[in-house]
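Q: One-letter residues, chain by chain:
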Amino acid sequence: MASEPQHLEPERANAAMIEADLATADEVRALSRWRRAWDSDVAYSFRRSPVALISSLVALVFILGAAFAPLIAPQNPFDPGSLNLMDGFTAPLEPNAFTGNTFLMGTDDQGRDILSTILYGSRVSLMVGFAGVIFAMVLGTVLGLTAGYLGGWVDAVIMRIADIQLSFPSILIALLIFGVGKALLPREMQDELAIYVLVLAIGLSGWVQFARTVRGTTLVEKNKEYVQAARLIGLHPMLIMLRHVLPNTLGPVLVIATISLALAVITEATLSFLGVGVPPTQPSLGTLIRIGQDFLFSGEWWITLFPSLALVTLALSVNLLGDWLRDALNPKLR
Amino acid sequence: MAAFIIRRLLQSIIVMLVVAFVAFSLFRYVGDPINNMVGQETTLEQREELRERLGLNDSFPVQFARFVGNAVQLEFGISYRQARPVEDLFAERLPATLELAIVSAIFALVFGLALGVYTALRNKSWSAQTIMGLSLVGVSLPTFLIGILLIWVFAVELGWLPSFGRGATVDIGGWTTGLLTASGLQSLILPAITLGLFQLTLIMRLVRAEMLEVLRTDYIKFARARGLSDRAIHFGHALKNTLVPVITITGLQLGAIIAFAIITETVFSWPGVGQLFIQAIQFVDIPVMAAYLVMISLFFVVINLIVDILYYVVDPRLRAERPGAVR
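Taken in sequence, the protein lines are chains A and B. So in the working numbering the end of the first sequence lands on 352, straight run, no missing numbers. So in the working numbering the end of the second sequence lands on 350, straight run, no missing numbers.
Just so you know, the hints here were simulated from the structure itself, not pulled from any lab data. Among these hints, one or two may not hold up.
Said to hold, decoys possible - Computed far set for chain B versus chain A, every beta-carbon distance over 12 Å:
| id | residue |
| --- | --- |
| 1 | Gln105 |
| 2 | Tyr141 |
| 3 | Tyr334 |
To be verified - Listed below are several chain A residues computed to face chain B (Cβ distance under 8 Å; list not exhaustive):
| id | residue |
| --- | --- |
| 4 | Ser74 |
| 5 | Val76 |
| 6 | Phe186 |
| 7 | Pro187 |
| 8 | Lys200 |
| 9 | Ile284 |
| 10 | Phe313 |
| 11 | Thr322 |
| 12 | Ala333 |
Unchecked claim - Per the computed footprint, the stretches of chain A lying under chain B, defined by three or more beta-carbons under 8 Å from a beta-carbon of chain B, are:
| id | region |
| --- | --- |
| 13 | 285 to 291 |
| 14 | 323 to 331 |
Given the structure is predicted, the values throughout are model-derived calculations rather than measurements. By construction, the Cβ of each residue, glycine as well, lies at the ideal position given by its N, Cα and C atoms.
Isolated chain A (complex conformation) (with noise of 0.2 Å):
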């Protein structure tokens, strides 16, 4: 701000001049960017809230351990000639009986290590909660933005849906929309598509939560002058919405993308768990649950005990730093 009336004299116009001013401008904003982000409000309360931290640190733990899953696993669970069936139903850090092998978390029936199942599952838990959000957001966003930037009976028409759909529970509604959608693909393809189906099914039972938001954040900026200034110099109602009113939006959509991958994880997981949601050959942090589930009788609890353990680290590491976050914008969420 300050440095805005230099720009405006006239002498300078040397073209060499010009040039190392833009450079040096380029650098300062770039490092400029940098220690704005250091500085603002929401990077000082991070750093000083242990929650935060240790939460983000635990998630990003996960994260990576998913991404990187085939260089850091000890085997490939899935790759039949890496398994050694004598292996099977080794406990934690015990050696096995037949081939003296030691599992940090033991292994399954078939000799596959329970720390490796881990890692590849939460691979598929963490991919298929990712793009369920992303989707749930940008449908939820699309239409929040629209029903409040419009008004009238679209707005009436969206959330009307929103509404009825907010009256049941999540889970029941992506089990419906799982079913139809399995329902509609021919039976040969329904392993393979099953977890675009899933994908689908949670971004569709979630997209409220967002339209809701983003139509309340739309409602109150739309009447700001700095809206009425671009309608009146008669930008097209699409600029406006994209590019003035959005942006706008955007810090409650973080927090409640945050908060919703958690539940999006959990969602996968029981869906998963109850066998409808991806298929038995790419295991979820809930399938793994499932298959295990059955040991927990004949005494080998390692079996499920530790999916479920990633599963809640996961989830509550998530839900806390998307907890974090909303206290450290503010929005007015609720």
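Given chain A, put chain B in place with the hints provided.
A: Below, chain B without anything else, positioned relative to chain A:
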């Protein structure tokens, strides 16, 4: 009052019609109903005849009207997988789900209210803080994990309680109940806790928050100044005024309990409608899916309606407003 109820009733009917429409489209347009009903060896003529007899060649509004008419009479066709009328399947399994749901709702309500009041009155004590901390864990654990954990501890390690099924049941005029036998009651404990725990924490936190709010108000201070006993103030004045939101949430949660029973029933192999629904999804048994959709929506709509009307009855402030200004 009457206008309010009529408007809510109309809204509910519209919602149910939309749901029926979705269920009907499912049944009619997902796959070919004829293909799903008959075997490979049925000739084209027989298929055509069956199609005509079932009225699948009629126009869309006629078919939809017939579907709604049948649904009102609780007729949803034949299950593709079990080859039996869907309504019979539901009638068999509904008692199991309803007993489970009602017992867990009572469990959640009783303990939720008690713990909520306790944590509000002893706000600063370590026991209340512990309960609050534990409730946070309860909220973040997914239902099926609570069930697995309970099975592991109480059925596998301690061997105290059964981990699956309903135990012995008694048939009373078509309603099978597990509430009258020892094994039936034992089998009910773990599933009911699993299903009710989330609702319990929710009710507890709600009651606590409302109580703390009410205890700060002037009329409570005035009651204290009048020298009323703590008991009269806490239960006669404070608790009564926290009950309005509690009724709403508990009522609305009753629907959620029935929905979440799907998960609990799967964990505990509880022979209820939730299990039926999951199997229907796994095997793409569309008539069962459609019937479940209609049934659960009816539950939600009716519960919502009752809660709204109760709200109106319980809270005189809503009635005092001008007619037409409600909601």
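Q: A separate judgement is required for each hint: does it hold in the structure or not?
A: Evaluated hints:
{"no.": "1", "hint": "Gln105", "verdict": "holds (17 Å)"}
{"no.": "2", "hint": "Tyr141", "verdict": "holds (25 Å)"}
{"no.": "3", "hint": "Tyr334", "verdict": "holds (15 Å)"}
{"no.": "4", "hint": "Ser74", "verdict": "violated (17 Å)"}
{"no.": "5", "hint": "Val76", "verdict": "violated (13 Å)"}
{"no.": "6", "hint": "Phe186", "verdict": "holds (6 Å)"}
{"no.": "7", "hint": "Pro187", "verdict": "holds (5 Å)"}
{"no.": "8", "hint": "Lys200", "verdict": "holds (6 Å)"}
{"no.": "9", "hint": "Ile284", "verdict": "holds (5 Å)"}
{"no.": "10", "hint": "Phe313", "verdict": "violated (10 Å)"}
{"no.": "11", "hint": "Thr322", "verdict": "holds (6 Å)"}
{"no.": "12", "hint": "Ala333", "verdict": "holds (6 Å)"}
{"no.": "13", "hint": "285 to 291", "verdict": "holds (count 3)"}
{"no.": "14", "hint": "323 to 331", "verdict": "holds (count 4)"}
Hint violations for this structure: numbers 4, 5, 10, all remaining hints satisfied.
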